[in-house]
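Peer 1: If you read the sequences in order, they're chains A and B.
Quick note on the working numbering: the first sequence kicks off at 110 and runs consecutively.
Quick note on the working numbering: the second sequence kicks off at 4 and runs consecutively.
Take the hints with a grain of salt, since some may be wrong.
[As the list claims (entries may be wrong)] Listed below are several chain B residues computed to face chain A (Cβ distance under 10 Å; list not exhaustive):
1. P69
2. A71
3. R180
4. C187
5. E302
[As the list claims (entries may be wrong)] Covered stretches of chain B (in silico footprint by chain A; criterion: 3 or more residues with CB under 8 Å from a CB of chain A, positions within the stretch not fixed):
6. 307–315
7. 376–384
Honestly, the hints are just simulated from the structure, not real lab data.
In this text, a Cβ means the ideal position worked out from N, Cα and C, and glycines have one as well.
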Amino acid sequence: MLRSLAATVRTAASPVNAARPRATAAAASLGASVSHRRWVSSSVLSAATAAPDASAPVTADSDTFPRFPGALNSQYTSHLALIQQEGVLPTYRVLDKDGELVDASQDPHVDQAWCVNAYQHMLTLNAMDLILYEAQRQGRISFYMTSYGEEATHMGSAAALSADDVVLGQYREAGVLMYRGFTIDEFMNQCYSNALDYGKGRQMPVHYGSAKHNFQTISSPLGTQLPQAVGVAYALKRAAKPNVAICYFGEGAASEGDFHAALNMASTTKAPVIFFCRNNGFAISTPVSDQYAGDGIAARGVGYGMATIRVDGNDVFAVYNATRAAREYAVRESKPVLVEAMTYRVSHHSTSDDSSAYRSKREVEDWKVRDNPVARFRKYMESRGWWDQAQEDAFKKDVRKRVLKSFAKAETVEKPALAELFTDVYEELTPILKQQQEELHELMKAHPDHYSTAGYKQ
Amino acid sequence: MSFALRRSATALATRTAAPARSLHASSALHAAPSSPPPAEGFMPGIAHSKLIRSTTEAALATPDLPKAIVQAGQTTKMNLFQSVNNAMDIALGTDDTAVVFGEDVAFGGVFRCTIGLAEKYGKDRVFNTPLTEQGIAGFGIGLASAGHTAIAEIQFGDYVFPAFDQLVNEAAKFRYRSGNLFNCGGLTVRMPCNAVGHGGHYHSQSPEAYFAHTPGLKIVIPRSPIQAKGLLLAAIREKNPILFMEPKILYRAAVEQVPTGDYELPIGKAEVLKEGKDVTVVGWGSQLYVLENAIQMAEKRIPGLSCELIDLRTISPWDSETIIKSVNKTGRLVIAHEAPLTGGFAAEIASTVQDKCFLRLEAPVQRVCGWDTPFPLIFEKFYVPDMVRCYEGIRRAIEY
């Protein structure tokens with residue numbers, strides 16, 4: 110299955126009319142002042158660039174190949190053409206809207222246990238999102254971000270990873286962390302910034318991190334995780350580990366300079382990294398039409414010399430298959446892969462956002478009905494007899510209870526000790542930090558009514 | 004300040020035959036235009052500096068050298084780029100996870116700091132990156148976060164700014180924001196900085212102040228080959244992200260006998276280079292040689308004057324204890340740096356000293372710094388805090 114899938118990955122770039130001959134034929138088309146080059150499949154590209162050798166003497170064929178070091182295998186042409194991409198990269202999917210396999214050869218062959226596990230994680234994520242969103246509205250936590258509509262991007266990709274792969278997220282990947290084993294308690298503790306938060310209460314809610322789950326702590330600046338993921342991947346390669354780094358980011362973050370720096374460096378350093386883009390249509394209020402004019406994010410991967418695939422991000426099996434293929438390729442070839450998962454952000458951007466200000470509620474409801482990743486997956490499972498309404502009701506009731514219990518518990522845990530304000534700036538406490546800690550201590554002693562550590566771990 | 008006046012002042016101060024060229028490299032621009040100025044510039048004052056340890060005996064007397072190194076007694080003549088090269092060679096040789104990367108490092112680097120390393124350790128450990136400082140910094144953070152040792156080179160400190168977000172928002176906060184689950188302590192970022200005689204806006208900057216304002220980063224600026232090797236090895240091995248700013252004019256100009264073994268010098272600790280009782284003079288990097296000459300000039304013109312010269316070495320976290328102790332002794336402070344006056348690091352030192360030594364101070368703290376302009380090419384010799392301007396700072400402190 111994987112080999113055929115990998116082959117599909119290689120040729121995914123070719124448009125529908127894959128039978129046509131190569132670029133030269135297209136370039137020879139006459140008449141138009143602007144010619145359109147067909148999208149050359151990467152297998153064609155890799156054949157053409159099989160053995161570039163800048164030091165080889167220019168052969169007699171130097172009438173055909175200029176052999177500039179910057180584009181060794183480019184051929185001369187007398188045809189003046191401003192080239193544009195022809196067609197749009199296709200979107201790989203496995204299940205249709207009704208949860209039916211479109212092409213049996215793409216069946217991931219996962220069993221009931223796998224499906225139920227992934228599905229239940231989706232429901233758990235939804236349940237947790239519901240409670241914590243409300244908690245913010247009630248002033249119990251300061252901020253929250255939900256993942257409605259993107260459940261398949263989380264679970265499908267997480268299921269394809271190994272525990273020793275390293276995950277660098279953006280901020281809307283809680284499902285990935287959940288799938289890897291982060292508990293509801295651990296999520297809650299971070300959101301409540303309490304003494305059990307691994308981050309010691311230093312960051313806003315949803316900035317999760319977990320060393321034991323190899324999930325690097327989230328930071329707010331967008332795109333910064335991309336070049337870092339390349340460095341992590343390079344370290345994995347140097348240590349000869351059969352693992353990848355995977356970084357998640359939105360289509361908006363892909364406009365940042367760090368995206369370009371990262372993809373380029375991943376290609377030149379041959380780093381085993383998966384760039385996983387959640388293209389959900391919005392960057393806060395900015396629709397994709399204001400974000401880019403090219404063919405999404407996937408087209409950029411090809412430009413950086415990288416294996417690329419666009420997938421239906423609402424299809425958990427498509428995401429799973431693609432991530433597995435990407436991972437297998439990255440480890441085997443020690444090269445990066447770009448996966449663009451198309452989806453729709455049902456959520457508001459965050460609790461600080463009311464998206465009805467820039468899109469109609471009707472549009473959102475339409476997506477929830479028309480193309481719902483959770484519903485599609487459920488339909489698949491039900492058609493196999495692996496799930497039913499009774500189990501749905503029972504699980505939802507139980508998970509809600511568990512989430513509420515965890516929520517109530519997290520609220521009662523005290524905040525981290527005040528000393529943690531000054532620790533971890535460096536590995537060691539520096540003299541000036543010791544002085545400042547002492548100064549704060551004196552200040553608090555002088556004004557006990559104004560400063561209190563009640564509620565903080567003593 | 005006229006050229007003739009500066010020359011005679013110089014002759015008075017150093018008591019040696021003034022070199023045919025003036026003491027400031029940029030006047031070479033007015034000399035015969037036949038050959039281009041050397042890439043690394045030159046710094047004539049350093050040739051006669053007493054701060055330079057040009058004998059094995061002097062080298063082994065370097066404070067804080069490990070006993071084993073002193074006992075081994077082995078030194079080799081090295082300039083600054085050779086000593087930096089030597090430090091990286093040792094780091095790569097003693098730490099399998101260490102890698103060196105940046106623009107043009109594979110062939111040896113534009114300042115030769117990485118010569119021979121790719122051949123010796125392989126292209127997977129010493130390699131070129133594409134032209135992207137934000138990529139270099141981010142990549143280095145990632146490598147370090149995986150527990151490896153990342154030695155990044157930014158080609159000129161003037162070009163570090165695309166990496167500012169990665170360094171300030173990511174590297175500096177990596178450990179703190181994760182509650183110490185993660186860290187990028189294995190990251191060291193080296194960059195050539197400071198005036199070189201002909202660098203203009205974009206090959207002369209001293210960016211230390213921008214980063215000193217960022218908790219979580221450390222900044223180290225070496226003054227000489229012995230210092231550079233020891234401090235760089237310490238920086239590479241310390242589990243904190245460190246920016247290592249090398250005064251580029253010293254790459255060839257500073258030559259010492261450098262201990263050949265593996266040694267580290269302390270980060271966060273200033274060094275008193277010359278003891279004195281009347282005024283504390285503080286600087287770092289190449290400025291120390293200018294200050295040395297300024298002190299010579301002052302001590303000649305003001306008989307009985309005794310100046311104390313301190314190399315801060317680490318800008319962040321800085322050794323306020325040593326400076327405060329000195330000012331409590333002398334009652335006067337002069338700080339000099341090439342970076343512009345406003346918001347420069349002298350402001351931080353001055354502010355802390357006036358707080359901690361208020362009643363002891365006999366004069367306002369003097370800051371002798373670059374003017375608040377971009378670094379000008381043709382006006383460099385008027386821009387930099389040169390020997391005479393530093394002398395004036397000392398004089399003002401003494402005569403207040």
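Peer 1: Are the hints correct? Go through all of them and say.
Peer 2: The hints, checked one at a time:
no., hint, verdict
1, P69, "violated (20 Å)"
2, A71, "violated (24 Å)"
3, R180, "holds (5 Å)"
4, C187, "holds (8 Å)"
5, E302, "violated (32 Å)"
6, 307–315, "violated (count 0)"
7, 376–384, "violated (count 0)"
Hint violations for this structure: numbers 1, 2, 5, 6 and 7, all remaining hints satisfied.
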